[in-house]
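Asks: Letter by letter, the chains look like this.
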Amino acid sequence: MKAKIEQAIAYLKSQGVDYADLRLVDTLTERIQTEYLGVKDISNTRSKGVGIRVIYDGSLGFSSSNDLADLNALADRAIAIAKASRKTQQKPIEMSKRAVVMADYQTPIEIDPFKVKLADKVEYLLACEKAMVASADIQKSSGHMLFQRQSKVFADTAGSYITQTLYESGAGLVAVASADGDTQRRSYPQSAGGNFGTAGYEFIEEMKLLENAPQLAKEAYDLVRAEVCPSGFYDLIIDTDQMHLQIHESVGHPLELDRIYGSELSFAGGSFVTPERIREGFKYGSEHVTITSDAISAGALGTYGFDDDGVRAGKIVLIDKGVLKSAISGRDSAALFGTTSSGANRADGWQNIPIVRMNNISLAPGSDSLQSLIGGVKDGLFLRCNKSWSIDDMRVNFQFGVELAEEIKDGKLTGKIYKNAVYSGITPEFWGSCDGVASAEHYKVFGIPNCGKGQPGQTAHVAHGSAPARFRQVKVGV
Amino acid sequence: MLLHEKAKRIVDLIAQGASYDTVVSIDYKLVGLSRFSHSEIHQNTETEDCSVTITVFKDGKIANVTTNVIDDQTLLEALQSAEAQLPYLPASSVVYPPLSDVKSIVSGNYNPAFDQQWNADKRADAVAAYAKTLPTGYEMTGIFQVAHSCRVWGNNVGVMHYANRSSADIEVMVMHTDGGTGLKIFTGTHPERIDFAAVAEGALKKAKANCNAISIKPQTYDVLLEPMAVSDLFTYGIHIGAGSKFHVDKLSPFTGMAGQRVAVNQLTVTAPVDDGDLNIVPFDAQGYTTQPIDIIKDGIFNSFATDSLTAQSCGVDNNGRAVGYGGDGGMVRGWVLAKGNTSLQDLVTSTKRGLLVSRFHYMNVVDIKTGMLTALTRDGLFLIEDGKVTKPIKNLRFTDSLLRMINNIDGIGDEHVVVNKYYSTTKVPALKIKDMVFTGKTTLE
Chain A
1 MKAKIEQAIA
11 YLKSQGVDYA
21 DLRLVDTLTE
31 RIQTEYLGVK
41 DISNTRSKGV
51 GIRVIYDGSL
61 GFSSSNDLAD
71 LNALADRAIA
81 IAKASRKTQQ
91 KPIEMSKRAV
101 VMADYQTPIE
111 IDPFKVKLAD
121 KVEYLLACEK
131 AMVASADIQK
141 SSGHMLFQRQ
151 SKVFADTAGS
161 YITQTLYESG
171 AGLVAVASAD
181 GDTQRRSYPQ
191 SAGGNFGTAG
201 YEFIEEMKLL
211 ENAPQLAKEA
221 YDLVRAEVCP
231 SGFYDLIIDT
241 DQMHLQIHES
251 VGHPLELDRI
261 YGSELSFAGG
271 SFVTPERIRE
281 GFKYGSEHVT
291 ITSDAISAGA
301 LGTYGFDDDG
311 VRAGKIVLID
321 KGVLKSAISG
331 RDSAALFGTT
341 SSGANRADGW
351 QNIPIVRMNN
361 ISLAPGSDSL
371 QSLIGGVKDG
381 LFLRCNKSWS
391 IDDMRVNFQF
401 GVELAEEIKD
411 GKLTGKIYKN
421 AVYSGITPEF
431 WGSCDGVASA
441 EHYKVFGIPN
451 CGKGQPGQTA
461 HVAHGSAPAR
471 FRQVKVGV
Chain B
1 MLLHEKAKRI
11 VDLIAQGASY
21 DTVVSIDYKL
31 VGLSRFSHSE
41 IHQNTETEDC
51 SVTITVFKDG
61 KIANVTTNVI
71 DDQTLLEALQ
81 SAEAQLPYLP
91 ASSVVYPPLS
101 DVKSIVSGNY
111 NPAFDQQWNA
121 DKRADAVAAY
131 AKTLPTGYEM
141 TGIFQVAHSC
151 RVWGNNVGVM
161 HYANRSSADI
171 EVMVMHTDGG
181 TGLKIFTGTH
191 PERIDFAAVA
201 EGALKKAKAN
211 CNAISIKPQT
221 YDVLLEPMAV
231 SDLFTYGIHI
241 GAGSKFHVDK
251 LSPFTGMAGQ
261 RVAVNQLTVT
271 APVDDGDLNI
281 VPFDAQGYTT
291 QPIDIIKDGI
301 FNSFATDSLT
311 AQSCGVDNNG
321 RAVGYGGDGG
331 MVRGWVLAKG
341 NTSLQDLVTS
351 TKRGLLVSRF
361 HYMNVVDIKT
371 GMLTALTRDG
381 LFLIEDGKVT
391 KPIKNLRFTD
401 SLLRMINNID
411 GIGDEHVVVN
421 KYYSTTKVPA
431 LKIKDMVFTG
441 KTTLE
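Sequence lines, in order, name chains A and B.
Just so you know, we're using our numbering here: the first sequence kicks off at 1 and counts up by one.
Just so you know, we're using our numbering here: the second sequence kicks off at 1 and counts up by one.
Since the hints were derived computationally from the structure, they do not count as laboratory data.
Ideal Cβ placement from N, Cα and C applies to all residues, glycine included.
Incorrect hints may appear among the rest.
Non-contacting residues of chain B with respect to chain A, defined by C-beta distances greater than 10 Å in every case (computed) [stated by the list, open to error]:
#	residue
1	L13
2	A18
3	P98
4	A209
5	R261
6	P272
7	D274
8	I300
9	S343
10	V348
11	A375
12	N408
13	I409
14	T443
Distance ranges between label pairs, derived from CB positions [said to hold, decoys possible]:
#	chain 1	residue 1	chain 2	residue 2	range
15	B	K434	A	K117	53 to 63 Å
16	A	T459	B	H4	45 to 55 Å
17	A	E202	B	K250	31 to 41 Å
Turn these sequences into a full structure, and let the hints guide you.
Replies: This is the structure:
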């Protein structure tokens, strides 16, 4: 296939393109779902194809197909589309500089998840379900595993040729309890399917699903019988299994440079962050808030070797002690800003064009123990595990629901739990109210395999690390 | 386009190689998308894909393999791979009834004229032409998409359904430098009816009206929802209210409420099969003929979408709305909220003080059992005072129960608009709802 790819690149050069790249992507996924102590679904999916991106006379065209028979014809389509784009182009598209690379990257794994017997995976999930059902009177138990192996080739007219093999593994459990017409769920280790990483089957083993299953069911049983969370302004300690989505929606998305430049306005929306706010060091949060974009963090779901612009993965500081320093970018958006790419342009498979996507956007741990954070709260709540999310089209007003809230009184967890807790805020005000982040021993990373953006809709695999953090006087309830 | 002949060849190849009851599902699409921002195209793409899903059934075991590598050898290897999984799968009580005594269905509106009339060149011409007419200070962003798609369902006992479709979608948002925005959309299946400039003109008109918005207090307001906002609201409502999986799991706000009043008696929501604007595929993902559903009839909750399994488990009829064999039951892909007899102008005139909402952003379910939803307004929120639209308002967040809202409907518009969003196509009028609860504003001080 390499010869065929090199021939297509040579053909693109011969057609006078400014720049072109070709990505061959072959993705294999295995999904296992169990519920009600039985198998719900087992599916295996393979998607293979080629996408060719062309800049011709300063304008962009992209063509992709699962039919690999005639790559020159696909290249011709991309060039024709670029010529059509030229009719509206006000100034030529530029790509920021980067090194020409010949490289190979592979996710380090210990156990190939595709070599673990299907029967063993199913049996394990069903054992977890049995443990849930045995420990509490719940309405429904369910389990989920997802594995992916993605082989990618990137080649461009500048001379880069990069191969990557990325592995992902993930799993999760859910217990649902009902009482008095109400229904509540608890998820482990996280909602939306569980936790996911760039790792092998060892990631599943380390999650200790079976050991945590009984407690999960008990929490669901207790939660459905708990009081509804009171409304008001409270000091909050937000646990890692909610912090990750708080970071995702109110820091990650607003700091996508293509969004900042308006590429997503009509659909996913824009950002209150402007290029000027980046240059001027906008006050995004308190001095406790330092957030990085890190595509080289071992095992995290947003980790890779190279992005789909062929830029080597790296780590940058987005917010340093509350001050906005930079945004995540690809070569095209970075050129608009007058900088180099942060290596965050990624495409969902072969069929889509690369756009700016989060990788691992994480809040740096602080120096407090969790106990001291709680100790500093007179009247507050400890919020755990995301349940719902919503944010406006400029990423200013957010509202999150969590599965479970624990009462804090006079610096201690009282043991009382609440259901249906919802909190809301204004992004910079909220991050400005952060007055403590727990230390590294409490730090956890959660992978999100379903981050949506773009038209047609693209799904990215990203992750967020954090320790529990404290926020003062946040609006709780609606 | 995946023509019938080629689809049949794929189905026959797999059917002839199958050792057990086997179903072949094919999903084909060819999409040309011109996406523009700052009045210039920044993403211009064409994508073709064809994936084949092979589902094998044996003794209550179901194996599923999907591939888009569709040469004969790879397809037969995929079949063998699915069959090879069977010994490792646990037996299940789930048994899908075999489908042999039904007539094959062939339908569609594939129209290659789209490729001549609205190819990438012509789409760019339309964008460029309107961009030149925009007044100073205004820009436009959005999409112009043309798509051909095809869905096939076949099995190893000779049944094969085939449906294809061609359509276009336009979405134009016009924005002023002060932040005032307006959005209009169009979806249609006739290339000669596409008028990009008319859509963009509607967006410009709204953007002009939406400049210099003021901030108001979030509280309870009477609201007049334009059709796009109605579609946003009810898409979530129909998803959790009429998806059979939510009823099986006893999670739907309408669980156990069949035959009961859930809304004002003016509200009727149906999922027809023969509405040309919705272009419903006439068979479902389990091969059953798609049947019409009266979801809410005159305010009474009547029925939800089912597949063969959830129909059995819930003791209701199968209305052919399966989304697959993955245990997700049936879902409604296209629905109609029946129009009323009041013009949009009369709905405004009858409002003493309220809000006119153009659309919502990022809606989500806060609490499924009570149907509690939240979202922000966007691209046009206006104050209505003494029966007149008086001024633009900065965006607000609502958090309110769907059950409460549909019992507070106080008027239904007399014109339908087709809205194609996410996984469903809807046909909706404007709605007036009393006392909708707004809980936050979006102003960055």
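Asks: All hints are to be evaluated individually against the structure, with a verdict given for each.
Replies: Do the hints match the structure? See the list:
1. L13: Given a closest Cβ separation of 17 Å, the condition holds.
2. A18: 17 Å, holds
3. P98: Check passes; 19 Å lies beyond 10 Å.
4. A209: 18 Å, holds
5. R261: Nearest chain A Cβ is 18 Å from R261 (chain B), so the label holds.
6. P272: Holds, because the least Cβ-Cβ distance between P272 (chain B) and chain A comes to about 26 Å, which exceeds 10 Å.
7. D274: 28 Å, holds
8. I300: 20 Å, holds
9. S343: 28 Å, holds
10. V348: 25 Å, holds
11. A375: 6 Å, violated
12. N408: 17 Å, holds
13. I409: Per Cβ check, I409 (chain B) is outside 10 Å of chain A; nearest 21 Å; holds.
14. T443: Given that some Cβ of chain A is not farther than 10 Å from that of T443 (chain B), nearest at about 8 Å, it is violated.
15. B:K434 <-> A:K117: 53 to 63 Å: 59 Å, holds
16. A:T459 <-> B:H4: 45 to 55 Å: About 31 Å separates the Cβ atoms of T459 (chain A) and H4 (chain B), which means 45 to 55 Å is violated.
17. A:E202 <-> B:K250: 31 to 41 Å: Between E202 (chain A) and K250 (chain B), where Cβ atoms are some 37 Å apart, the hint holds.
Of the numbered hints given earlier, the model fails hints 11, 14 and 16; all others are met.
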